Amino acid sequence: MTSSIAINQLTKSFQNIRAVNGVSFGINENEFFSLVGPSGCGKTTTLRCVAGLESADSGRISIKGNDVYASAEGTDVPTHKRSIGMVFQNYAVWPHMTVVQNVEYPLRVQGVEGRIRREQVDRMLKMLGMEQLGNRKPSQLSGGQQQRVALGRALIARPDVLLLDEPLSNLDAKLREQMRSELKRIQREIGVPILYVTHDQIEALSMSDRIAVMNNGEIHQIASPAEIYERPKTKFVLDFIGSVNYLPCNIEEATGEHVELKLVDGQRIQIPRPDYVPAGPRALLAVRPEDMTVAVSSSEEGLRMMVALRSFLGNACEYRMRASGFELLVQTDKKLLLSEGEGVRIEVGRGFLLDADAGDRADARVG
Amino acid sequence: MRAVRNLDSRSIIFLLLAIFVVVVIVYPLVQVLIRSVWLDGRLSLENYESVFGRSRNYRAIWNSIWVSLTATMLATIIGTLAAFVVQRTDVPMKNMLRFLLILPFAIPPLFAAMGWVQLAGPVGLLSNAYKAIFDVPVVPWSIYGSAGIIFVLGITKYPFVFITVAGALQRMDASLEEAARTSGAGTIRIMRNITLPLVRPAITGGALLAFVSCIDNFGIPAVLGLRVQFHVLTTRIYEALTIPDLPLATAMSMLLVILAAGAIWLLGKFEGQAGEHAVIAGKSIRPHIISLGSARPWVTLCLLLVIGVIVVLPLFALVVTSVQPYYGAPLTAENITGSNYDAVFSMSAARRGIRNSMIIAPVAASILVVVTALLAYLNVKARYRGAKILDAIGMVPFALPGSVIGVGMILAWSNPPIGPTLYGTVWILLVAYLMRYMAYGLRSCRASLLQIHDSLEEAGSTSGANRLRTLRDITVPLMRPGMIAAWVLIFMSAFNELTVSVLIWSARNETIGVWIFLMQDSGFPGRASALAIGILPIILVMFLIMQWLSQDNVSI
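Residue numbers (the numbering used here), protein chains in the order written: chain A, -14 to 352; chain B, 636 to 1191.
Honestly, the hints are just simulated from the structure, not real lab data.
Mixed in with the good hints there might be a few duds.
Covered stretches of chain B, as calculated for chain A (at least 3 residues, CB under 8 Å) [unchecked claim]:
id: 1; stretch: 1017 to 1024
id: 2; stretch: 1077 to 1091
Every beta carbon over 12 Å from chain A, so not counted as near; a handful from chain B, in silico [as the list claims (entries may be wrong)]:
id: 3; residue: 648
id: 4; residue: 653
id: 5; residue: 678
id: 6; residue: 680
id: 7; residue: 687
id: 8; residue: 696
id: 9; residue: 725
id: 10; residue: 825
id: 11; residue: 896
id: 12; residue: 934
id: 13; residue: 951
id: 14; residue: 1030
Using C-beta positions, here's what the derived DEER-type ranges look like [what the hints assert, rightly or not]:
id: 15; chain 1: A; residue 1: 169; chain 2: B; residue 2: 1017; range: 38 to 44 Å
id: 16; chain 1: B; residue 1: 941; chain 2: A; residue 2: 0; range: 23 to 29 Å
id: 17; chain 1: B; residue 1: 1183; chain 2: A; residue 2: 120; range: 20 to 26 Å
id: 18; chain 1: B; residue 1: 939; chain 2: A; residue 2: 120; range: 40 to 46 Å
Note that the structure is a prediction, hence the values are computed from the model and not measured.
Note that the Cβ used here is the ideal one computed from N, Cα and C, for glycine as well.
Based on the provided sequences and hints, a complete structural model is requested.
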């Protein structure tokens, strides 16, 4: 399948700082593609380069097969001539225009006739559930409503790509969840490729068809949400998506199925063989809190540990478990109520192995 | 390609703006600077020696300093007390009180000086009443001289303090006071230990603005000082220019610059401090309102009385004088006449003055709004290198006393190396106003552009609008309130201008302010008052528009 949007070796510096460093990816037709990473990782700069709001230093960006930016040929199509729609983090709804005036603006710029314009705006407002609010000024709207106006304005001219810059970060938690499914619905209805930028991994995991995880101007991994979560390629991806426990260990034995490890207190543990097994013998074990199971202390299998602290999370329980020399954060079913001081056995259902010195290296190999 | 074309159009605009700033501001300023130390083709401090060599001159400097300082103290007391009462107690009709308290800001100080002569002068309304009540031939006070100048300056310049302090009180984070209350402090103690220290930077800031405005003022010391030979720098410069002794006037205006610059420098320091206090939280929590209890009607009455004396009484005196057949006539029904109005408004010279002001003020306001909007755009939005410097230069006249601008205009445009001789024409007034009020436009346009987030314009280009279209549909409409506010402020200030105009006017090229002053000065207070009352409606309408534009935002 050909990409709707293709970005190739994009580079952009600000005062000697490489904000974007050789970034390449493609977005397929009607795909929801997310750039996710911590603030300052270069995701917003990448998005702004696609929009033409930022001029890249080198690389190539094409939309629907046409170059909008190519450093080799000196192409740089100005923003207003790129067929894009964009929703800004602060919505950027024009305060001096009504809802209708905001939404119809791209059509007015194109010189679309008034009657047709009116029709299309009505249809758009209906889809956004805002038929009644057409004559309101933005100051009379809630944050969620302003966001819909911004979305309507970005979509009304049928752009080749929809660019979303952390559009949900200013909404409260409930509204954010609602808007997430709303966005997916609207995308299905309209059929447009989306480039979505966020620092919120939950947002990225729940909405995206594919995710690119970025750090320090570079993409660490591009994959489906499930794969990003299940099979992270680098320590950074593992860290950024979800939480992780790190335990120093020695690799005792590695077979095709399992790896046997010895922890600092001498306890041995067997985990299913991960994608990457360091040469060893010293290594670092990474385990997600939800990848462990807790059994009563009479069980023969698993690590012997003690409950140090219990936190009730509502939909789950989180325990800080202690053994001599290390601690583990373990998440369990909320029905499993353990008391502090209780002895337990912990089995690791899935873990990742890293080189022993991977502690400070974000790009250390995981998979 | 696009970048190059944009660069070109921006560079052309920048170049035009740079020429404007150099011609209007830099050139006259450099003239003052150089001519003050340049005599007969060589570097010399003789001009300054002649300032300090004659007691008449150096006494004027000293008078300027101590009169302005004392008047500033009076203004600070009135302004601060009024701000506390209006903002922090439960006095009724707050919006009306606030409006009346800011009103002196709009009325030319010359009017106030004339009004007070007509109230408390030898045959003034109050003086006559006093003489009748106590049956004495003369009153035991004189409105002429330092005391009168200080009094009238104080009651016309307090709005500077009132506006800044009221603003600080309004923006103050209520939790700071609540924290003191929960610590067990009572209302008086909180005021003394928390509130007052927190608004002190605002008080100082307002006081320094008032000081600069006192030093700058010509109308009040001219009306109340000239006839008793009490001189301040501005009136001395006026006198020196009537001789004319241009080198002396130049040296004295440089001294005025130093005084004002010192005050502005202090202001900068205090504004820096104000930033260190985290007073302005931008929250909408209303600070605690003190209940006045049984004292409420008395405090209200007191405040209304003060407003009556400060604002209403002098205007009332002007009205009375304007309808009297001769100054000091007994107040009877038969003595009401429209003869002053007839005389003034049938005088072709006065009509010409009105016409000049009615043309120059709006033209200056329009030119400046366009120029400063462009400059602010280049500086804030286009981030054009160099625009920042032009902006800084444009702000300089904000700190320059009007007399300096007047002297600079004479030096620059009497016999310029290139271009027309503007001195002796009406255009020199226009150029002077452009110099004097550029800062007003810059402040307003810059502030309104800073409020427009970049993404609002970016949303225009992602919607398919090119740069010009984005400017037209988004930036300019969003800037419009700031531009209108700047226009009205500049129009009003230029319309009321006297300090500069009185130095650079020439026959056939007078302004309203100049005419009112000349009539008052040459012994026609009735006609001067009639002209003043005649243009008052224009000033009040402009002031109402300004208030309406800023809604209840308390700011200058």
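Evaluated hints:
{"no.": "1", "hint": "1017 to 1024", "verdict": "violated (count 0)"}
{"no.": "2", "hint": "1077 to 1091", "verdict": "holds (count 3)"}
{"no.": "3", "hint": "648", "verdict": "holds, 19 Å"}
{"no.": "4", "hint": "653", "verdict": "holds, 27 Å"}
{"no.": "5", "hint": "678", "verdict": "holds, 45 Å"}
{"no.": "6", "hint": "680", "verdict": "holds, 48 Å"}
{"no.": "7", "hint": "687", "verdict": "holds, 53 Å"}
{"no.": "8", "hint": "696", "verdict": "holds, 50 Å"}
{"no.": "9", "hint": "725", "verdict": "holds, 30 Å"}
{"no.": "10", "hint": "825", "verdict": "holds, 35 Å"}
{"no.": "11", "hint": "896", "verdict": "holds, 35 Å"}
{"no.": "12", "hint": "934", "verdict": "holds, 37 Å"}
{"no.": "13", "hint": "951", "verdict": "holds, 43 Å"}
{"no.": "14", "hint": "1030", "verdict": "holds, 28 Å"}
{"no.": "15", "hint": "A/169 / B/1017: 38 to 44 Å", "verdict": "holds, 39 Å"}
{"no.": "16", "hint": "B/941 / A/0: 23 to 29 Å", "verdict": "violated, 57 Å"}
{"no.": "17", "hint": "B/1183 / A/120: 20 to 26 Å", "verdict": "holds, 24 Å"}
{"no.": "18", "hint": "B/939 / A/120: 40 to 46 Å", "verdict": "holds, 44 Å"}
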